[in-house]
Amino acid sequence: MPLLGPFHASHASHASHASHASHASHASHASHASHASGGSSFSAYGSETGLQSSAQAIVHAAGFGEINNMRVKALKFSSSDNLSRWSVNIRRQIFVGEFLRNLDWEIESAKSILHMKWASMPFFKLKRPTARRFAQELPYVRDYADQRADRSAEILSQLDSITDYFAMVLGLTGSRNPFTLELIGLVSHLAGQAVMIPKHVMACRRPDELDGRLMPLIPTPGHSSFPSGHATQAAAVSTVLQSLLSQCPDHFPDHQERISLIKMMAHRIAVNRTVAGVHFPIDSWAGAFFGTKVGEIFTAAAGTKVGHISAACFEPSKTKGDFFFDDMHEAQKATTDQSSGGSPKSKMIKVDKSDELGWLWRNCIAEFAVGARRRRGQTS
Amino acid sequence: MSLQTTPGSAAEPDFLAGPFEKWMLEYGKYYDLPALRMQDSPYRTHVAEALNGSLVPASLMDGLCLKDKNTIVRLPALWTDSGRYQLSFIPFVCQGLQGRSNKQVSFKDYSFGDLVDLDEFFGKKFWMEIAERARTKSNSGNKVSPSTSAKSLDNLLSKKQQLFFRLNYPIDPSTYDDRPIAWHVPDLGFRKLASPVPNAKDASLVITAIIDDGIPFAHTNFRTVDNARTRVDFCWAQGATTPVRNELAESRSGKTTTVPFGREYAAPDINELLQQYKEDEDALYGAAGLLSEPGAPLKPLSRMQSHGAHVLDALSGNWPLASEEQCRIIAVDLPSSASWDASGFGTDMFVLSAMHYIFKRADDIEKAFNNANGTNVRARLVVNLSYGFTGGPHDGSSLIEAALHEMIEQRRRSAPTALTMPSGNTFLENLHSVVMDKHFAATDKNADREATLRWKLAPDDRTSSFLEIWLPPELPSSNIEITVESPTGSKCRMRGKKHNDKSPTCTGICDQKDILASAGIKVGRLTLDRYRRGKERFMIALAPTAACLPQGLPAAPSGNWIVRLKKMSANANAIGPMNGRAKNSSRVKDVGIDCYIQHDISYGQGNTGARQSYFVDDQDIPYNRQGGFNQVDSVEGLRPDRNRGRKAKLRRFGSINGMATAPSTIVVGGYVEATAKASVYSSARALRYRGPYSIDRLGKGVDISAVTERSQWHPGIIGAGTRSGITVALRGTSSAAPQVARQLAKAMLDSTWTALDWRQNADVNYRDLLKSIEMTEVADRPTAHPASEDRLGAYVLRETFQT
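For the protein sequence lines, the chains are A and B, in the order given. Taking the numbering used here, the leading residue of the first sequence gets 1, the next gets one more, and so forth. Taking the numbering used here, the leading residue of the second sequence gets 381, the next gets one more, and so forth.
Just so you know, these hints were derived from the structure itself, not from any lab. For clarity, every value in this text was computed on a predicted model and none was experimentally measured. A few of these clues could be false.
[To be verified] Selected chain A positions facing chain B (in silico; Cβ < 10 Å):
1) Gln136
2) Asp143
3) His267
We put the beta carbon where it would ideally sit given N, CA and C, even for glycine.
Chain B with its partners taken away, still in its complex shape:
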């Protein structure tokens, strides 16, 4: 397959999506879907990106639902920033129909080739509708948006849109709501603020928003101090069962909905639930459709503890009385089953629609607040997203990062907006390696130079495993030959491709080969694709290694898989070092080839049987001299006395959360309160070691750290469980991010910055505001030390969160 196709011609499916989609919709669905209990769902979710850089006014697509004989496409309510927002990322739900009876196509019957139908639908139906709406609007005298010109509308009309689709987790049918979407703002019961805010001009409004999993919105920690009312103004429970099966909804179902799946609970709803079920939070969540039911994926609120309960408690639990009217909560509770597949397949669409929802509801809260107080303030918004994945380009260009960043940048034009995310927990998981120039060894002078990675697949793994190999721009794939060798000795070889088309719109799968175990049995796939902005990637997808898989499917052999990268050239040495730029933009020699294994653990209630694969590197030193975990890379150039002669490819530095590398994200690491050192698992930015004491820091790193472990003997920090009265200790950087968000919200509350100050500080993510709260500057430490800036960021939060 070549990339010679010109945009606008009939799409080839391979250009419409990436290798994950290809795997998931071809082999992967037979392996992974049954465990995820979703193969019969007819509701697929996607995020589509318009590649030619065109931006479409969100107001034209808000809540849109379109259908033809084969396809139904339905968008959630979109934030429009009062008509100003033009976006390039479209979240939507899609159903396929077939036959005269319009039978719904279930997920397991959906194939990669069906993306062509989807593309055609957009090409023929969708853009026509948008253009029609635009015309109607301008004909009626309303400007579609201040900067939409006739020319860009014509672009829409001429179907020159080239789209790229991301496939995400299907929607559980019991949570789908097919009523038309109509936005509705309930009376939130805002009253004029009493003292100590007598002067309306001094009133500030802060909103702490959370996107998480298993959020007990009725918990006492999220009520006013007198326990009389909730502080949660809005909660979109994306995984709640919907009207047909939901007791509460039956009594109040109208003809429209504000959300396409799940249920929305606004403050009046929550207060009513609290009144009705005051003795019994079990019954409350049962009535709200949030407890486990047979035949549907299990729900986290049936358990005693959940991720979302703990994170929201850290973010906004037990808020002080003095400012409880001015600090509001918006929550989005993702469907927990979307997190069960840790490989990154799952959540983009859900997270993006969550962000739209939060921004939209923030506008509603702002209006109600201003009406009640006669003010004209903009809500200061802090969003906490304690999610992540290990793969991705790690430079802010992954699709979800770009989509969230685009929204944040838009809102920052007129209102303070911050996003906090955890740095990740994979520092010591052996999931990241970097192949440098020096790793390409030649056995003799004229031989091709080859670098080797050892990828160990655990036995009894019941989910697929993925390894991504990202090529830096200076090393095009045409210079590389990759060989994947199985533990049984069979080999799969692929040579990279030369591209004529260098345009950033040229994305998609360039080449693919089946990986065979012995006797020609397909157990995996090797793909070369071009991701956004033309970044090239080899992706290796391997089947589960467990025996007794569904329908007698073949298992990939477990053990050591060898991945060889060979530099091809008559004169291999002629290929220069891989150059890249460091954070401070001085030229860096040898950025290297970043290799990431996708996270693959059995998370939550999914019982998927996932087992993590990992890199094996005999150059890496796993324990330090004292017998503790070695927390530095084994590379000469760092701690030369210990690392003499070492050139490990395995890296701890560079394990940073692949979803948190956009410039507008505040990255939060975790540390141990008793020792003031980074928690051993807290991920960190990429480092490159040029020579002794000569280190370059690449890409996004930890900005600031908060406590995630009380001591070596008291793991985790205490926070709320799923019912009032339950407290649990939770470990991980997921608890650090909301602590920083909380402090940032408090600082925003008291800040007297002008609109200009806010806009100017946005570029540094309000760092100067963070400095005004109880932050301790990180002391000067040797590079990469567990108490250094490389692990902790520039500041640590000393005030620990206490439930």
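Okay, chain A solo, but in the shape it has when bound:
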């Protein structure tokens, strides 16, 4: 609270100026969440003090009357158009809430099965692997450690975020693609949040809990091993980006090749966790399946096209030992195919459109509009 002296009490409108001052500073620190609170207008920053003193000096020029309420225009009520007015961080919280409200789950304890549900419809069935399966996979984790020297820089930089890796493949920059970068961060966050439920339910121990020789490259995270969070996030981002790109096929001259690179990058991010010694290959299998579903839901809710996704099932016994790019690719294509673990007659789940997610999606599409032909009535 600035010390405005004895005049403060008689200028009730200062209250709004005070919050205006902090809002002004907020505009210049748009990405700093800590400034989100309207908070105290007294701070160490010189600008607040300067703003306030100048506010005092000039306010008289605006007169002393009441604001004409006939001239007050309101924003649209509950509109995604308003999203551009909020900060990235606030938007993320809104999107997360929007997503989680539909995410539910059901448990079949006796069979160690979890059903993840979207708007009460099961979209992903997950069965826990046996202890024997995990033990059988320990040799993979040991052998992959051979590549730690090669891949440690990637592993360490992927501890908290995978966005840079996908940004590299698509040539994204903060000035050209702020919304796509926001999209990748969001999808990654959603997938990471969503996979915590299966992790908690499945409650599977980490590789280094079963084999003392692994001595992982990084501290083992504080949550269960199966499914892999990184695999889920990478698969979700990969799915969403592929969908985004396929709606803008003329933006890049090497459109198909970039899609291949995205898939390979997602795979490598997942396998990096096995190299690090904190995941079994089967964790990545399940994560890839689940992440793909999360990505599909997101795309269906946000995008302009598909409103349905197919349900999938991860049955551990239907997957072979190591986690391979080609197989993951196949699995993503054939989620209805029994041999890859899907249920025989996959249900199609309806995914309602979300205005909020759609807003973000449209802004992302606009970032890949080079070469796009506008047809009449087409929304960008």
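Take the given structure of chain A and dock chain B to it, following the hints.
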């Protein structure tokens, strides 16, 4: 044990193999094998040498598989030079069987004494079979070979063969292929050459062949310029998993195989793989059985860089369009696990079979080329083998050197054939010492004169260590007493033996003693053996020094081991100087006793925990006046101002690759591009210092050098990694040899020499042809200077290889 046994009598195991085999099959296997992950393999590999100088036609043994109730012996496909080649070195895979159920004997249960069974098998079964085949052939009117006489066949029959066995690395069971061997030549898709070779008579065919480890045959650098097809005509991946576990093979497995282990990929196979997996080289090598799998030794193509990728890129990567049809690639990818034990135990059989494979496939390529073009040319072959070891006699007589040399000499009779090898990277590793006459000091007039070596064993070494002491012919072992003293003070003493039998066939272990640490615990073995051509050697094998070894095995104490050599005689001075001959055959005084420590590093993915032992010599000056590594020996007689009074036994000169000393090998050193000086590690030939400015050059040295370091601050040279698009910098003379091979291949391509020219120049390894390409003669420099011929050879390759 004496060498009184006459050839032909029941063999004693000690005459059948050498001290490495003895160590490996007795104590060594408990120490070293678990780390190598091979102790359960039932597939042993050997090279056998027929000692009486008899040569056996290769055509009689090509792809042979024989068994009796105890033993199965299986040969790979052998090159026969259209029936003309008679060889004395036989590579083979061997399995032992026991019990009524024919249970396979695993490597860890194989013992030195079992070599007797092997010898008997050859004596009884093998030669009978060969003789039978010879008879069948001549009965049917085919001459077995132009020069095989009835007499030499009778020799085979009468079982007078005396064999010497070399034991090599076992074969990983997941890579073994027990289908019968049947040679098969696929359609390589050769087309008639388009211009600029319009005249068939001008067409030349060159083949660059590589034997290495971790070869990514699908890499874009080894495809045609339009990226449509591979330039690799044949690749034998010796370490690839085989049909039972291999996806690709399951779809195409036939009833026979061309190779007894690993998988062969010919150009049509590789092109098909490229079509199928065009987006994904990971999946390609996975399907080819070349990526790491649990339960099997790790494979180099799972990593981002490998030795073989870099070397093949230097040899034949990104070949220019104009000659891409005329310059073909044959590759053999050794099983990488065979390189994990750096002590020299590993690769002979694999390298020798690789050479046979290369020569055989070269003949197939040649035929296809001639058919397509209506020509009758012989393929000009350059083979690059970027391998080596530090031990051995260093005079071309080690078994593998002799075996490769024999093959090359045979092929050179009718076609240009060259072999390039690196000079080695151990110049500064303190692995070589020479004991000269003057090192035998006497404390008083009548005392025996004694020379001392200090051998430092590092702590925490998890593999065995070996030191070889080679006696020159003029100093027989009977005049020497050797004492090995451990850091804890216990001593092991051995006196040499007088030999009645001087014949070169008398090889084997003459004497052996256990080396004990305190309290009578066995930690090593001292052996006196006679190697090929009767060269005598003391070999000291010591157990690992690490604590917590498998099964509570005793560790050898780490620290300074003292080896004392004493000249025994009533009048020690009566033993004359050790004479030998220098390269230019003027008589040289005091050749000396060559001592080599075997290379012992943790190489590749083996994680063997090896640590290098080394000589300690307080006479040696490690740094020069400027503070850089001293790159000359500390011996008065060289740089007398600096080395006054010095008589170090430790040598840098003489560190030359022990596998590269045969006359037909082109030895390639490495140098720093920015300074034009030899790379500090680039090994060099032996020098002897008689007096100031009076130097003798002994044995094989560096012939020519290529860039292996870009500058002091940019180590290595850039080359391909294991996937298209990965580039890595690799250091070492391994990258120098293929650069020279590449230039030699290019020169061979354009050469208009006649067959006579080729034959005449073979003796100097086509040196005159090398001169025709961009070589710079090495400037005149002081002896042993880093930019002198002693380090760089006569020429340096100025054109640097750029990926």
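Evaluated hints:
no.	hint	verdict
1	Gln136	holds, 9 Å
2	Asp143	holds, 5 Å
3	His267	holds, 9 Å
Violation of the numbered hints given earlier is absent; every hint is satisfied by the structure.
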